[in-house]
Amino acid sequence: MPAADERQLIRQAQEGNHRAYRTLVEQHMKQAYNVAFGFVHDHESARDILQEALIKAYEALPAFRGDAQFSTWLHRIVMNLSLNHVRALSARMKRETPGFVDIPDLCHEPAFLHADHKDHIERALHELPTLQRAVVILRHLEGLSTQEVGDILHCSEGTVKTHLFRGLQKLRKRLAYLQEETA
Amino acid sequence: MSSHRHIRLLLYDYAAGRLERERHTLVQRHLEGCAECREESAELRAILEKIPVGSNPAADLPPAFWQELLHDVSARLPVRPKRQILPFWVSDWVEFISVPRHQVIVGGAAVLVLCAIISGTWFAFKQEPAHTQIAAATPVGTKPPVPAVTTRLKDYLRRSKVLLVELNNMPFEEGTDVDLSLERTTSRALLHEARYLKDQPLDGRSAALISDLEKIQIALANSREREDVPGLRLIRGGIQEGNLLFKIRIAETMFTRLEDETQHADH
Numbered sequence: 000m001p002a003a004d005e006r007q008l009i010r011q012a013q014e015g016n017h018r019a020y021r022t023l024v025e026q027h028m029k030q031a032y033n034v035a036f037g038f039v040h041d042h043e044s045a046r047d048i049l050q051e052a053l054i055k056a057y058e059a060l061p062a063f064r065g066d067a068q069f070s071t072w073l074h075r076i077v078m079n080l081s082l083n084h085v086r087a088l089s090a091r092m093k094r095e096t097p098g099f100v101d102i103p104d105l106c107h108e109p110a111f112l113h114a115d116h117k118d119h120i121e122r123a124l125h126e127l128p129t130l131q132r133a134v135v136i137l138r139h140l141e142g143l144s145t146q147e148v149g150d151i152l153h154c155s156e157g158t159v160k161t162h163l164f165r166g167l168q169k170l171r172k173r174l175a176y177l178q179e180e181t182a
Numbered sequence: 000m001s002s003h004r005h006i007r008l009l010l011y012d013y014a015a016g017r018l019e020r021e022r023h024t025l026v027q028r029h030l031e032g033c034a035e036c037r038e039e040s041a042e043l044r045a046i047l048e049k050i051p052v053g054s055n056p057a058a059d060l061p062p063a064f065w066q067e068l069l070h071d072v073s074a075r076l077p078v079r080p081k082r083q084i085l086p087f088w089v090s091d092w093v094e095f096i097s098v099p100r101h102q103v104i105v106g107g108a109a110v111l112v113l114c115a116i117i118s119g120t121w122f123a124f125k126q127e128p129a130h131t132q133i134a135a136a137t138p139v140g141t142k143p144p145v146p147a148v149t150t151r152l153k154d155y156l157r158r159s160k161v162l163l164v165e166l167n168n169m170p171f172e173e174g175t176d177v178d179l180s181l182e183r184t185t186s187r188a189l190l191h192e193a194r195y196l197k198d199q200p201l202d203g204r205s206a207a208l209i210s211d212l213e214k215i216q217i218a219l220a221n222s223r224e225r226e227d228v229p230g231l232r233l234i235r236g237g238i239q240e241g242n243l244l245f246k247i248r249i250a251e252t253m254f255t256r257l258e259d260e261t262q263h264a265d266h
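Line order of the protein sequences matches chains A and B. Residue numbering for the first sequence is 0 to 182, as defined by numbering that gives the first Met the number 0. Residue numbering for the second sequence is 0 to 266, as defined by numbering that gives the first Met the number 0.
Honestly, the hints are just simulated from the structure, not real lab data. Here a beta-carbon is modelled for each residue, glycine too, at the ideal position from N, C-alpha and C. The reader is advised that the hints may include incorrect statements.
[Stated by the list, open to error] Which chain A residues stay away from chain B? Per the calculated CB distances, all over 12 Å, these:
#1 P1
#2 Q13
#3 E25
#4 I76
#5 R91
#6 E141
#7 Q146
#8 Q168
[Said to hold, decoys possible] In silico DSBU-like cross-links for lysine-lysine, where the CA-CA straight-line distance does not exceed 35 Å:
#9 B:K246 - B:K214
#10 B:K246 - A:K55
#11 A:K29 - A:K169
#12 B:K160 - A:K55
#13 B:K214 - B:K160
#14 B:K214 - B:K153
#15 A:K55 - A:K169
#16 B:K246 - B:K153
#17 B:K214 - A:K29
#18 B:K197 - A:K55
#19 B:K197 - B:K153
#20 A:K172 - B:K153
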C-alpha cells in the first residue's frame, strides 16, 4: 500500500472511522500474528494477543504521530503483550507446578509444553532469553531491518546485531542437540 | 560506512544474501583483511544453512480465521466522539508544524506575536479605566470569570502542570511497568474540577485548554495502575503534541499580569 494511502487511512481511523482502521489492519495483521506466534507458539494465544493489540492500537491511535511506521508501532504493542503473556504463563507455572524452576533471565515456557511438537526450530527458539528471542523473531524470521528492530525494542543497531548473533548461535547449538536426541 | 563496526552490522544480511551489490562488495573487501569478521561471517552462514530465513505460521490459517478475528475486533472497538472536521488547509498546517524543524520557526514566530500582543494589551490597559481591564482580556460575547472561579482555574492549571511535569520526568526502564496509581487518582480529582470549571463562564482560550487537558486526564484516569512503557509514551506524546505545558504557562502568565494590572489600577 502506498505510504500516502496509509497516512490517509490512519488519519481517518484517528477520526473514528472503523472501516478505515479495518483496511489498515488488514495490511499488517498477518505479520503481527507471526510475531505473536513466535513468542507464544500457540495459535489460540497468538490470536488473543493480536486481538488485544489491535484494540489497544485503535484506542491509542489518536496519539500516534507517525514518527515511526505504523507497522513498527503495531509490532511494538504486539511484542509487549506477547512478553506479558509469556511472563504471566511462566509465573503461573511456578505457582501451580511444584518443583518448577524458571531459569533466571531465560523466561521461557517449560519444555514439556512442546513435547509433542515436531518443529525443532520453534522449540529451540522458545528456549532463548527473551531479548534474543525477540530479535531473532523480528530480524531473522520476520525479516525486519536492524533499524526497525532497534526502533521496536528501543535499542541501538549494535545491540540488535549482538543479540541476533548470540541468539542464532544458541539456536544452532540447541537445534543440533534436539536433532541428535531425535536421531 | 566502511569501518569495522559498521561492517559487522552488515554481516547478517551478507550471510543471508540480502545485501545489494555495492554493500556486498564492500563487505567482501573487508572480509579479505579482517579475520574476526571472516570467522563471524562463516559462522553465520553455517547457522543460516540450519535455520531457514522467514517463518509464516499465518499463511496456514484459513480466510475464515481472519474474517472472524476482524469481526471480533470491530465489535470491541470503542466509538470515538465526533471531532470537528478540519478544512484541508488546517490539516496541511498541522502536518507542517509536526516537523521539528518547522516547530522551531513557528515557535519563534509565536513568541514574537505573543510579545506584540502582551505589549499591545499592556498599552491598552494603561489607557483604559481599571474596571474594563478584565473584559478586555476576554473574547467578545463571553463573560469574564468571577474571582472565585479564577482562583479555582488557577489552582486547576497549577495542579495539572505539576501532573504533566511529573509524567514527563518520570523515569522508566524498558520492559518494566510504571506505577501510575498516584497520577491516576490525581487525574480523577482534576477531571471533577474540569467539569465544574467548564460549566462556568470562561474565556474561549481557558475553555479550550481545559478541554485539551481533560483528554490527557481521561487517558490517565483510565490507565492501569501499572502501565507499560508504550502506554506511558503515548500519554507523553499527547502532552507534547498539544504543547500543553507551554499553554498552561502562557495562561498563568496572563493571569499574573492581569492581577498585577488590576492591583496597580486599584492603588
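Exercise. Looking back at the hints listed earlier, which ones does the structure fail to meet?
Worked result: As far as the earlier hints go, 2, 3, 4, 6, 7, 8, 20 are violated by this structure, in ascending order.
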